[in-house]
Structure formats: C-alpha cells, structure tokens
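Assembling the complex is the task here: the two chains are given apart, and the hints tell you how they should meet.
Sequence lines, in order, name chains A and B. Using my numbering, the letters of the first sequence map in sequence onto residues 298 to 767. Using my numbering, the letters of the second sequence map in sequence onto residues 131 to 444.
It is possible that part of the hints are untrue.
Stated by the list, open to error - Stretch-level coverage of chain A by chain B, calculated; a stretch enters the list once three of its residues show a Cβ under 8 Å from a Cβ in chain B:
(1) 347–357
(2) 432–439
Unchecked claim - Derived DMTMM-like pairs (lysine to aspartate or glutamate); straight-line CA-CA distance at most 20 Å:
(3) Lys373/B <-> Asp360/A
(4) Lys382/B <-> Asp737/A
(5) Lys499/A <-> Asp327/B
(6) Lys300/A <-> Asp383/B
(7) Lys300/A <-> Glu420/B
(8) Lys499/A <-> Glu420/B
(9) Lys627/A <-> Asp640/A
(10) Lys400/A <-> Asp327/B
(11) Lys746/A <-> Asp306/B
(12) Lys310/B <-> Asp327/B
(13) Lys300/A <-> Asp306/B
(14) Lys373/B <-> Asp737/A
(15) Lys174/B <-> Asp451/A
(16) Lys681/A <-> Glu734/A
(17) Lys384/B <-> Glu755/A
(18) Lys310/B <-> Glu415/B
(19) Lys300/A <-> Glu425/B
(20) Lys300/A <-> Glu172/B
(21) Lys310/B <-> Asp266/B
(22) Lys382/B <-> Asp360/A
(23) Lys746/A <-> Asp383/B
(24) Lys384/B <-> Glu596/A
(25) Lys691/A <-> Glu734/A
(26) Lys583/A <-> Glu553/A
(27) Lys361/A <-> Glu172/B
(28) Lys400/A <-> Glu158/B
(29) Lys331/B <-> Asp306/B
(30) Lys373/B <-> Glu299/A
(31) Lys373/B <-> Asp632/A
(32) Lys361/A <-> Glu369/B
(33) Lys384/B <-> Asp758/A
(34) Lys656/A <-> Glu596/A
(35) Lys299/B <-> Glu299/A
(36) Lys174/B <-> Asp737/A
(37) Lys526/A <-> Asp451/A
The set of hints was computed from the structure by calculation and includes no laboratory data. Ideal Cβ placement from N, Cα and C applies to all residues, glycine included.
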Amino acid sequence: MEKWRLIYNPEGSTADVVAHGAAVAEGRIAGKYQLSTTVVPDTVIVQQSTTRGIIAGADVKVDKAAAASAEIAVAQAPRQGRNSARAVSTTPLSEIMAQGSRKFDAVDVEPDDPAVLLYTSGTTGNPKGVTLTHRNFHFQSLTVVPSMVPFTPDDIVVGVLPLYHVYGLSNGLIATLMFGASFALVPQYSPQALLDAVADYKATIMPAIPSMYQHLLTIARARPAKMPKTLRYCVSGGAPLPLNVLREFTTVFGAEISEGYGLTETASSVSCNVSGEGYKEGSIGKAAAGVEMAVLNDEGSELERGEVGEIVIRSETVSPGYWNNEEATKAQFQDDGWFRTGDLGYQDEDGVFFITDRKKDLIIRGGFNISPREVEEVIMQHPKVQEAAVIAAKDKRGEDTVKAFIVTKDGEEVTEREIADHCTDTMAPYKRPRVIEFVDVLPKSATGKVLRTELRGETVDRRLVERGEK
Amino acid sequence: MFGRKRKQATETAVGGKLPMSLGKAIEEIVRRYKRRDALHFEGKAISYQELDENANRVATGLASLGIQRGDRVALMLPNIPDFAYSFLGIQKLGAVAVPFNTMYKGREISFILQDSGAKAIICLSNFANLINELRDECPELNHVIVTGQRTLVFLDPDATVNVQLVFEKSRFAEPDEAMKALGAVFVKTFDKLGVPDPWYKHQGAVRVGGRKIATILLSEIENLYIGNIVTFLSDMDSEPLFKVLYVPPEIKDKALEPLTSISTESGKDVTLDQFKEALSLALSEDLGIEIETGELTRDEMIAYEKNIALANRI
Chain A
298 MEKWRLIYNP EGSTADVVAH GAAVAEGRIA GKYQLSTTVV PDTVIVQQST TRGIIAGADV
358 KVDKAAAASA EIAVAQAPRQ GRNSARAVST TPLSEIMAQG SRKFDAVDVE PDDPAVLLYT
418 SGTTGNPKGV TLTHRNFHFQ SLTVVPSMVP FTPDDIVVGV LPLYHVYGLS NGLIATLMFG
478 ASFALVPQYS PQALLDAVAD YKATIMPAIP SMYQHLLTIA RARPAKMPKT LRYCVSGGAP
538 LPLNVLREFT TVFGAEISEG YGLTETASSV SCNVSGEGYK EGSIGKAAAG VEMAVLNDEG
598 SELERGEVGE IVIRSETVSP GYWNNEEATK AQFQDDGWFR TGDLGYQDED GVFFITDRKK
658 DLIIRGGFNI SPREVEEVIM QHPKVQEAAV IAAKDKRGED TVKAFIVTKD GEEVTEREIA
718 DHCTDTMAPY KRPRVIEFVD VLPKSATGKV LRTELRGETV DRRLVERGEK
Chain B
131 MFGRKRKQAT ETAVGGKLPM SLGKAIEEIV RRYKRRDALH FEGKAISYQE LDENANRVAT
191 GLASLGIQRG DRVALMLPNI PDFAYSFLGI QKLGAVAVPF NTMYKGREIS FILQDSGAKA
251 IICLSNFANL INELRDECPE LNHVIVTGQR TLVFLDPDAT VNVQLVFEKS RFAEPDEAMK
311 ALGAVFVKTF DKLGVPDPWY KHQGAVRVGG RKIATILLSE IENLYIGNIV TFLSDMDSEP
371 LFKVLYVPPE IKDKALEPLT SISTESGKDV TLDQFKEALS LALSEDLGIE IETGELTRDE
431 MIAYEKNIAL ANRI
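This is chain B alone, in the form it adopts within the complex (with noise of 0.2 Å):
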C-alpha cells in the first residue's frame, strides 16, 4: 500500500536496511564516521563519537531516574548540542522525545506536558520557574532536568523591583514549604499595595488574573535557601531589550511573558518606599520577622567587591 514509486535511498550508512530505528541508526552512523564532524557550535567542533558518548550518557543517565521505553520526555531546548545529545539520548533509550517550542508560556506548555504524559523534561535552566509553576497539573512530570546559562532579566529603572531573600534552609522541612511561605508573603505583599486579588498556584510566580506580576525563583546552596523575586512597580517598556536582542517583529509579543504590574493592578503609583514597607509588614505579619535595616558586613563587602568585578566583566 505504501510507497509504489519508491526508489533506492542514495548509499549511506544505513542506506538499505529499512525501516532502522533512530538509535540504532545513529549507531551505524557513528561507527561508519566516528572522526569526522558531527555538531559545530559556537568555534568549537563536536566529533560523531563524542555526539554518541554524550547521547549514551544521556540516555543511561535517564534510565537511572527511571525512563525506560516508550516514555516521553520533553525538550524545551534551544538549538545548541544538549538539543542533540538529549535527543539522540532519548531515541537510543527507545523513549519517545516531545520538543516543543521554546517560546511558550503557561497553558501551552501545561497542556503538551499533560496530554503526552511525560515523565521528564530538559529544559533551559532559566525555564525552571515556568515548568515548576505548573507541576501540580503535570502528576506524570517527575522531572525536571535543567541545562544551559541563558537567564536574561531586563531591568526597567522605573518598573522592575529586585527582591532576594537570603536565609536558612532549616526554617523550613522542604523547598515546597518554602516556596508556600515566600508566595503568601508576595501575595500579602500586593494585597497590602492595594492589588485586587492576587494569588499564588505553586511555584514560580504570584499572578493576577492570568499575568504574572511577580517571578518567584528559589535556590538551594549548601545550608541556605535564596529567594530571587522580580516584580513590576509600573508597566515595563520591553522596547528598548530588542534593540540589543533581536528577536523578529512578528513573534515579538510572544517572546515575553504576559505580565501586569502594582500600578496598573492597583489602579495607583506606588514608590519602592511603600513596597519596602508592604514587604516588611507582610514578613512580620506572615513569618514573625522583624525587619531591621542594616549594611553589609566587613566580609561581605569584599565579596561583594569582588562579585561586581565579575558581573561587569562582560
């Protein structure tokens, strides 16, 4: 029924032995080219066997979290050679790889995630917060596998608001409580600005209606647990990033995140004074905490000397 006019595939490696599957294929392939060049990036070259090394680590570093066969995995990965080690990785394993576009938020994501049942995810580590925000509606995602330094946070002097939270892992059993207690006090935070309703699902971000008006990341290192949060006083002018990024100007109202701010929402100006108020308040009402302002000590100084050095070392 298939194929009446097929005609003989030009002579390859895996030329004539159809149909072969994707990981055996690359097999054949690797062995055949083992030297030669398999993936450019960024200067450097990548050879077939060292593409097939990192496809096998990936594919037995799966199997340890428990893929096996007919598994999905999702990638939301853009084109740089974890895309393909991973890719390739997941063929030889016999799962079943789900790339879907970088660029989608919320319930695109939810949605693929859900309806393919995938297992796992590897992802941009910046897209940690988008995918663990919608983690209670994905019960099949048990991982989140994070690769890659693209983070990219614009900040808008009359709009963006920094806040980081520095403190002991032990005030909490695990990172979802965590996580809880830094949501409500956000929450708390709007409520007291004066933003009608916003809410907190699970991680990530604190919305309003269906926009985000804070991002929510929290890391781990050693005994602490860092907060970082990113929140709006007004509206950001995203303009002026494409001038440094380019992105192409009919996707442009897709490549950022719908996003909402406190004066929009509030319906007011609010001055990062009345924040910082709103925030202490909200930490002393939620977690009992006082909140006393002070400086960075001798030490921290000089670490802190040393870390500007580096990030203007651009």
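Bound-form chain A, shown alone (with noise of 0.2 Å):
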C-alpha cells in the first residue's frame, strides 16, 4: 500500500498554517531538482491554531492595531509571482495582459449595441439584467451630469462607491474619465480610508450614499479642525439624505451636497435636487438636461401637479430594455418611450418632483391606501429612534396591516406604547403600526436603501448553493 506521510499539529499558530504548506511544497519541487537528498513522500498536514487569526492576501490591508488589540494574530499568504501556485481551472489576469499588446484600436459598434449588462434583484423571482448602450452612457456623462456637477478636467473625485453598481459606475468612473479628470478608488470602504482618501488625493468631487455622509461627520465631531476642506461638490444618492446630515457635512467640510435620483435603468442619475437656492426639501428637485420627467395613473394619463402617480421618465439615457426578457420589458418600458419607474410621486407648483414610495411597497387597509414612507417619517421625528422601516404585514384575516421595524439611538430603550402614543398624536389613527419589532439594524442594498423584501419576509437565500442533479 502506497505511504503517505501524516503532519499533525494540533496545536499551531496562524503562520503555522502557511509555513507548513509553503514548506512541504518547496522541500518536493527541491527534490525534483534534486538539490535535496531525501525523497519527500506525498504528505497531508492537518492543522489548528490555538489563537484567533486571520491569513491574509499580500493585497489585504488589515488594521494592525486593532487586530492586536482584538487578539487576533496575522499572517501574510506568500505573495504570488509567476511561479508560484495557482488554483486550477483559471487564467492569471497578469498573464493574458503580459501577452497582449499596449496598442489596440476600439472596435467599431454601433450606438444602441449594449456595453454593459447590471442585474438589479427584483422584489421577487431572478434579478433582471438591465442593458446599458453606449448611447445611455455616452448620454448620461455627456448631457445629464454635466447639468448636475460641473466635472473639470482638474477634479479628483473619490471612488469610493462600488464600480459594480451603476451610481459608481455611471458617474463615478464613466463620468470622470469622460472629462479627463481623476478617479482615486477605495478598494475597501470603511469611515476612515473614505476620509484618509479624500484627505490624502485632495478630493474635489464626492459622490456618495448617506451612509457615509453620516459616517464622516461622526469621525468630525471628535476633531471638526482636522477635515479636508478640498472638496467642492458632493452628490448624494442611492437613498434619501436626512437634512440635519446635509446642513452638518455642508458646515464642516465647505462642501454643499446635491441629491440626485436615478435607476440602473437610466444609467443612473436623472433628476437632482441641487443645494442652493433652488433646494427643496425631500425633494428629487427637476428633470436634468435631456430628461422628460412625468407623473401617471394608472390609465397611463399625465396627472395634475401635486397629484400622486408613477413617476416616467423618457430620454436618451433609458435603457432600451431588459437582457433576455421581453415581459419585464413590455411591462416597464412603453411604445411611446416612457420608462414606468415603479416610484409613486408628485410634482410641485415649480415643477419639482418628490418621491412619496414605491408603488410595490403601499400598504392597502379597509381600502385606504398607507404610504410607509410618511409613517416612517413620523416614526423617525420621535427622539429616541434612529432608523424606521415600515412594510405591509397580514393580519389574522389576510389582510394588510401596518408593521414598524424600528433601530433606537445608542443607549436608548423606547417602548412600543410611546411609538404608538407618537403616531396617533401625529397621524391618522389607521396609519399607527399594530405590530413593532425592534431590531439592531435594517437590512439595506449596497447603496443603503432598505431592502422591505427581506423584512416582508419575502426573499429566499439566493447565497445557497443548489445539490441538482447528482
């Protein structure tokens, strides 16, 4: 029978981990030239370590002070050159590069060709991939965000919004390269690398989500003196920007901050409520250049102003559709080229647009229709609660009942009866949430709107990994 030896070290360190393996494998590859005189038979380690620890990528930034302050010891992976071990199966993207050529002209396409496909996760079933022409982005960069924030060549903007998603994407990488200016990217975010990168390349655009305004000027309040004063335009989107947040950034750092709306579906941005004077208040603010903003019924009419419908938007920058699925296509995009958003909202006296909620997400009770999102407002003005979120439950009967997921501010305790009490001093008593759950923190999307689906109870965990056929 064939022997191998057994490496046993139950008792280990995280270095231990690596060394062992890296050992064994430099001890065969000697044997096989042979500069080494033992023969070194086929080997399994079998390992634990005795700490806490964590083995890092030669890439990996890990925050050392903090890991030796949370005793967690670390270890650095040996750094991957050409000949050193690869995963089978996979090409090394330094290779195709190191065989390709510096020069190569673009390919001619045709303007209505996609560029990219996003996948947006639906409230139900598959993501759907959203196509993106060049047109859309040449659109989007060259007409749209111009409109918005004034980009200059000179601008370094801060990448700190993932490029996966089309806010980053759009008008953080496409928008940036289109005017020659530069794009500092943030490979991992966390409060402090966002500050220490708008710090350290002397920012002058920000685009951001309102996470991570409120974020920075929890890092500000400690030491205000000490912030960059570089940036000149920040653009907030992704999910409404509280104006308490707004008016503090604008403070501190000397940067006014715009919101701006878009969908994956029109390549990002379309409207945005620029600071100013023209600002308004939970507002989208109006159509930017090139785009047709509307509200519709139901019937596909255009409403009066102040009247509550499906926002539509039509322009250059629409997508013309969904990749590999017509319904959701005739469903959402029509013949005469309005784009169906999806978000209930009005137009003011000035043309402004304000979003009041999702059209999937109104809650229906004894025939009156409940926005979720006014609820939550009034939920969010007591004290002592940092965060609402407010869905359609069942009741006993089936029917739609009003739920409240509520996150209190550090340190506070807050009792379902003084939510109830707030809301019915507030609002109409049918609004008031019957059920109220207090959690820790909301279930958001990467750009830090709340994800009502997951707490609707609605998702299944598309993270697993099928069994199918054996």
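What follows is the structure, given as structure tokens:
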C-alpha cells in the first residue's frame, strides 16, 4: 500500500498554517531538481490554531492595531508570482495582459449596441439584467451629468462607491474619465479609509450614499478642525439624505451636497435636488438636461401637479430594456418611450419632483392607501428613534396591516406604547403601526436602500448552492 | 422622440460628437489627456496613457482567448485599477461588461453568469473556487481569469481546521479528476463523523443542504497539486473578524457565506483527533493510501522557518 506522511499540528499558530504547506511544497520541488537528497513522500497536513487569526493575501490591508487589541494574529500569505502556485482551471489576468499588446484600436460598434449589463434584484424572483448601451452612457456622461455637477479635467473624484453598481460606474468612473479628471480608487470602504482618501488625494468631488456622509460626520464631530476642506461638490444618492446631515456636512466640510435620483434602467441620474437657492427639502429636484419626467395615473394619462402617481422617464439615458426578458421589458418600457419607474410621487407647482413610495410597498388597509414612507417619517421624529422601516404585514384575516421595524438610538430604550402614542398624536389612527419590532440594524442594499423585501420575509437565501442532479 | 430638452454638452474631448462608443470615447480622451492622472490607487498615480495601454492589454488578451465583439464578460472585482483596465478593455473590444456585486455567492452568481451567457469572468483570485463550483451550471463560461491577492481566511481556534494535501500531479490524469477525488475523500470523512448527507458538486466546496461545511481549493505548482481545505468542527464565531475588517453592520450577514459545521450537522462534539482519524480512514478507503504520522525533514524545516518569517513580516 502506498504510504503518505501525516503532519499533525493540533496546537499551531496562524503562521504555521501558511508555513507548513509552503515548506512541504518547496521541499518537494527542490527534490525534483535534485537539490535535496531526501525523498519526501506525498503529504497531508492537519492543523488547528490555538489563537484567533487571519491569513491575509498580500493586497489585503489589515488594521494591525485593531487586530492586536482584538487578539487576532495576522499572517501574510506568500506573494504570488509567475512561478508560484495557482488555482487549477484559472487564467491569471497578469498573464494574458503580459502576452497582450499595449496598442489596440477600439472596435467599431453601433451606438445602440449593449455596453454593459447590470443586474438589479427585483422584489421577487430572479434579478433582471438591465441593458445599457453606448448611447446611454454617452448621453448620461455628457448631457445629464454636467447639468448637475460641473466636472473639469482638474477634478479629483473619490471612487468609494462600488463600481459594480450603476451609480459608482456611471457617475463615478465613466463620468470622471469622460471629462479627463482623475479617479481615486477606494478598494474597501470604511469611514476612515474614505476620509483618508479625501485628505490624501485632495479630492474635489465626492459621489457617495447617505450612510457615508453620516459616518464622516461621526468622525468629524470628534476633531472638526482636522477635516479636509478640498471638496467642492458632493452628490448623495441611493437613498434619501436627512436634512440635518446635509446641513452639518456642508458646515464642517465646506462642500454642498446635491441629492440625485436615478435608477439602473436610466444609467444612473435623471434628476437632482441641487443645494443652494433652488433646494427643496425632501425633493428629488427637477428633471436634468435631456430628461423628460412626468407623473402618470394607472391608465397612463399625465396627472395634474400635486397629484400622486407613477413617475415616468423618457430620455436617451434610458435603457432599451431587460436582457433576455421581453415580458419585464414590456411591462416597464412603454412603446411611447416612457419608462415606468415603479416609484410613486408628484410634481409641485415649480416642476420639482417628490417621491412618496415604491408602488409595490404601498399598504392598503380597509380601502385606504397608506404610505410607508409617511409613517416612517413620523416614527423617526421620535427623539429616541434612529431609523425605522414600515411594511405591510398580514393580519389574522389576511389583510394588510402596518408593521414597523425600529432601530433605537445608541443607549436609548423605547416602548411600543410610546411609539404608538407618538403616532396617534401626529397621524390618522388607521396609519398607526399595529405591529412593532425592535431590531439592531435594518437590512440594506449596497447603496444603503432599506430592503423591504427582506423585512417582508419574501426573499429566499440565494447565496445557497443547489445540489441539482447527482 | 428623445430628449426634447437636450442641452449642449459641456465642452470635452468627446463633446458634440453624439453618440460615441465608450471604446472610441476613451481613445479621444487619452489622445487629449495622455500625461494627466486618470487613476489614483494606494498613493500611486496612473496616467491616461498607462490606463489605455493596460486596457489594450486586456482587450488583446481577451481576444486571444476568443472573446469577440458582443460577447459578455463578467466582472467580480472591487475598486482596484484592474477593474478600470478590464472594463475599458472590454469596451475597446466591443464586448459587453457584466459587473456584479463582489459579495454575491452561489445562486446569485450562477444566475447572472447563465442569464448573461458570459464567456469569461474576471474576478479576484480568492473568488476562483466560488466560481469554479458553479462551472458545470454555466456551460458558456470558458474562462475564469483571476487577479489580486485578497484572500482572507479567518481562523477560529475552537472551530477552524486547516488541511493541506501536497501530492504528485501524475496521480491523476487531469485537475478535474483530482478535484473529484478530494471531494469524495472529504464527503467520506464527514460521513464517518456522522454528518448526514454531505455532498460535493464540482469544485470548491463540500456542502450539507445548501450550506458550506468545507472549502476546497486545488492549486498547482510544477509537478505538484496542493489542496487547501478549510473546515469547521463547530460553528465559527466570526464577530471578532469584524473588529479588524470594517463591514457596515447592515450587510454583515451578506459578507460571509452561509456556513455550517461538523458538530451542528452531526449533533455531537467532534475533536481534532477524531477528525484526523476519519480523514486518514477516508484516504485509505478511497485512494488506497496508508497514513503514517511523521515530521518535517531537515530541509523542510529550513523552508518552514523562512516561511514563518515571511508570514510574520506583516
């Protein structure tokens, strides 16, 4: 019978886990070239570390001070090179780049050819691939964006938003490059990493999401004088930005924040609530250059100003439809060019738009429409409440009832009764939440949008892998 | 029909020439801003010219793998320069970029790869086994292109077991066969420890239900295969990890894969000794290998000391 050697190391260290495997492999390779006299058999190594540890690749930045104070050992995995071990059935990017050429003329494509597919997770079922064309990006970067943010080639843009998301890709990387500006990449978000990037690169433009503005302010409150003052233009998107955050940030960082509104289907922004004179609290602003926006009723006719309906968009920045999904495309992209956003809202007398809710989030109780956002805003006015999300839950008779998820401020406690009283004081009684659940955090998307589908328990865990056929 | 209110674009290198493809547009920009900084990363500046040259290298590299105009290429990368090189390379080639969330796992990834019909994916090296596990579900995916060294393995002293197997390649005709053999050995090991119905699909993991009980990564170097396996005796306490690695609290549960452990699945405590015995037995039954406990040789000890020093250099 063939014999293998077992190296058994039940009381090892984090570095042992790296070093034993490497040592055996190196010994074997040396043996192959006869540099070693001993013949080493095939080997199995079984190890356990006696302390907590992290094995980190060469590009991972581990916070060493934090690791030390949390008693976590850190070991660096060997730096990979041309001659080091590589995962089977893969091709290193560096290899194909080294073999490639540094000169290449862009292939001719049609303006309406797809450039990017971005998948958006729907409320139920599979995500939809939004087809974005060269035309969409060109129009977004050179017509829509400049009407909201005055990019110049001298700008330095902080690239903290993930580039796999339409906001970071379209308004971050692509817009920056189209104006000949420069883009400072932040590979792993943390409040400190973002602040460091702004300071180190002397960033002038920052597209970010509300939670990032909140995090920066938390750091700034401790040492306001040390905050960088290079930012001249900030954009917030992805979720509504609380007015107090906007004001405080403007004071501390000396930069105004405009709030943008857009969707994956519109290659990002379509409107902007620009800070300054025209700013209207709670609005998404007016339609940007080259964008038509309107509010339609269920029959598809335009509504009067002030009336709530579905917000629709028509523009060259609007996607031609969903990849491989005619049904969904037909439902949301109308023949007359209007894209139905699924967002409910209205337009005021000045043509400024306001979002009230997502259409599918509306709660219908006893024939009345209840706006979850309105109930959330009331709950969030309670001094002990940090955040709230409201959804439709089913009561015993299977009808919609208002359910609230509440995150209290640090160190605060609040009773269901207090919330209920607060709501009845300020709102029609039928809107008061009948069910209240206190939670530590609200589930959110990459851009900070509260995931109501998760709160409603409609989502299945799509991270699991199916066994399929044996 | 479109854009009745269209306004003249701000003056740029590509302004006025509507609409231009992203690939052509970037060429115009590079012509004009060649020496200016396009990207900043970890204190280094990358000029427009360097960005373009790297994008061209990706474009021609992808072309050499058979990627053409209209083909989909998935991207699973954080904000690193390789994202920009890859994205622009794909655009210059006239192909279609399919970037997706780097925190996606399992079916989330598999659906996007299938639906888009991506022929290649460019991802971080540490996602390779996540993707390889799904490859038989994604018949159009011909190339897994990897970059970056962002592996992060967390060791919990009560839970994590690390197994490495270093063996001659010649034992197996091809990598897939070696992967299957490793998968079978670990399925048998878990079986012996009372884990009900562990299964192994393709590459990357042994699972119970949809959850991962072991990660398997097979690497090759010269004449050797190296199997790196991480498994869990009991459920890992990952909270300490988040003290060192910032993850916004609301997405913590999405940062890690859904894991399970031997004790959770078998309903009894299992020691490292018992695990070692089960693994030795599985190796002997499945591969006809006799296991003898041994030590590192003198030469290996020297290599070990060197590697310990390198690992601790951080």
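Taking each numbered hint in turn, which are not upheld by the structure, reported in ascending numerical order?
-> 5, 6, 8, 10, 11, 13, 20, 24, 30, 31, 36
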